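Make a model of the complete structure from these sequences and hints.
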Amino acid sequence: MPFLKALASSVAVLEADAAPLSSAVGIFSALRLCLDQSFAELPVAARSSIQGSLGRRLSLIQDPLLVLAFYLDPFWCPVRQRVAAMQWDGTTLPTLRGRAVEFLAGDDASYSLRLSRDLAAFLTYAEQLPVAFAGRDLHPAQWWVLMGEPFPTLRVVALRLFALPPSAAGGERAFKTAKLVHTAVRNRLDPAKADMQTRIMFNSAQLARADIIASYGRSCAEHMLLERLGMAAVDQAPAAPPAPADGTEGAGEEDYAGDIEEVAPAAFDAIVEGVVNGDDNE
Amino acid sequence: MELTQGLQARLAARYGGATFSDWADPGHTRENQLALCWIWGLVTDNPTPMRLMRRLAVDTKVCLFSYGCAAHAGNLVAKDLALIELFKSALLDSVAVGVFFTRSTRAGALLAPNAQQLRNAGAKIGSLDLYSRTRWVGEAATITSVLANLLALRRTLTDMNPQRHASAYFPELRPSLTARPPSRHWLSVCRS
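Heads up: the protein sequence lines correspond to chains A and B, in order. For the first sequence, the working numbering assigns the number 282 to the last residue and increments by one with no breaks. For the second sequence, the working numbering assigns the number 474 to the last residue and increments by one with no breaks.
It is possible that part of the hints are untrue.
Unchecked claim - Derived coverage of chain B by chain A (criterion: at least 3 residues anywhere in the stretch with Cβ under 8 Å from a Cβ of chain A; other residues may be distant):
1) 302-311
2) 326-332
3) 355-366
4) 424-432
No wet-lab data here; the hints were simulated from the structure. Fair warning: this is a prediction, and the values are worked out from it, not measured in the lab. All C-beta atoms in this analysis are idealised placements derived from N, C-alpha and C, irrespective of residue type, glycine included.
Take a look at the structure:
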């Protein structure tokens with residue numbers, strides 16, 4: 001039953017409003033990998049049957065650009081290496097990624113070259129990231145806004161891709177709002193008016209919410225999948241900054257500790273005096 | 283073809299003359315075309331008519347690409363799982379338990395205080411969910427709700443027949459229970 005739970009929580013992740021496009025391929029790939037390594041309670045026959053089902057169902061939704069989005073999401077960096085040889089509908093993910101670049105570039109050789117160069121540079125950079133790097137929990141769109149400057153051609157593509165949802169659940173939620181507008185009592189509404197009222201009701205509710213991209217964090221389900229694969233984020237101490245070349249090692253904060261102890265009470269007394277005497281400009 | 287023309291006309295009427303296919307003007311560079319494209323992706327669920335509609339939208343350059351809904355695909359995987367013998371029997375048992383304890387007033391009344399007592403002791407026991415085809419991954423919801431209620435269900439049945447040991451009920455679900463042992467606090471409540 002743990003697999004059923006994992007599947008249910010994965011679907012809950014995918015239908016969330018702020019879920020990034022990369023989660024579709026990411027979660028399905030991670031589930032397939034987990035079936036190889038984890039969920040020992042499942043018999044082999046059941047496991048292979050589930051793997052077949054996962055492959056068949058993903059082929060229903062798969063498009064090369066979904067695979068490109070998966071490769072552009074830094075969260076799924078650790079999974080990429082392991083799924084490289086995995087076959088999806090008779091094709092490997094790197095092949096689909098190549099097709100996506102070809103599709104985006106079309107006949108424009110110069111654009112194709114820039115896009116491929118940026119992608120290669122990004123993948124090399126992403127491979128060097130530690131398992132728990134700062135910003136791993138950011139929404140990938142936000143990550144590309146903050147960190148994507150070295151890859152200018154790819155950044156535009158990434159931002160457009162990560163603005164898309166992986167599921168149609170948001171649209172279905174809008175239909176649910178329509179049910180509140182077009183009720184049994186108000187059943188003679190003009191369709192255009194019902195449509196407008198639905199949009200107002202749905203969009204007002206969306207606007208009243210906090211910024212879902214800014215407040216986005218990776219779900220427990222995604223972290224659990226990585227944990228099952230042995231790729232869980234572990235807190236690492238940040239790397240020490242390079243030592244200065246002029247031999248002044250050790251001139252750190254501790255050298256100023258004494259000064260702070262002397263200066264801080266004096267400054268505080270001055271502030272208090274200023275407030276008491278009424279010459280505080282603030 | 284007629285359908286395509288209708289689609290373009292509707293879009294033109296709604297968006298003041300501009301159609302979504304204007305981005306594909308061959309006079310632009312590919313990069314500009316991509317920048318001008320209003321809608322990059324179109325996502326729908328996965329039945330055949332919707333897949334055809336997606337293809338139509340891409341062919342008429344309404345959008346750059348289209349793809350299927352991943353949540354619906356996950357739901358279909360759960361439906362496939364329900365056909366595997368292992369999950370099928372668990373689902374059938376769960377549905378049987380759920381139907382019995384929700385439709386029989388007396389059984390429900392006997393279960394409620396037991397569940398509440400365990401809930402007060404800190405156990406996470408929700409209501410028994412009956413199977414619904416339209417719920418997202420409804421198979422998992424049904425089975426996990428029965429598993430969460432397992433101790434309360436056993437207590438109820440033991441109350442009715444004290445000579446029989448609690449673990450004799452639902453033996454086929456026992457491995458799932460032992461996979462996650464209950465907490466010490468929980469055990470002390472059950473013993474009391």
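Inset, instruction - Verify the coverage statement for the segment 326-332 of chain B against chain A, using a C-beta to C-beta distance below 8 Å and requiring 3 or more qualifying residues. - result: holds (count 3)
Legend entry - Outcome, coverage hint (the segment 355-366 of chain B, chain A; C-beta under 8 Å; three residues): holds (count 9)
Inset, instruction - Apply the coverage criterion to the segment 302-311 of chain B and chain A: a residue qualifies when its Cβ sits closer than 8 Å to a Cβ of the chain, and three qualifying residues are needed. - result: violated (count 1)
Inset, instruction - Check whether three or more residues of the segment 424-432 of chain B sit with their beta carbon closer than 8 Å to a beta carbon of chain A. - result: n = 3 at 8 Å, threshold three: holds.
The structure fails to meet hint 1 from the earlier list, while all remaining hints are met.
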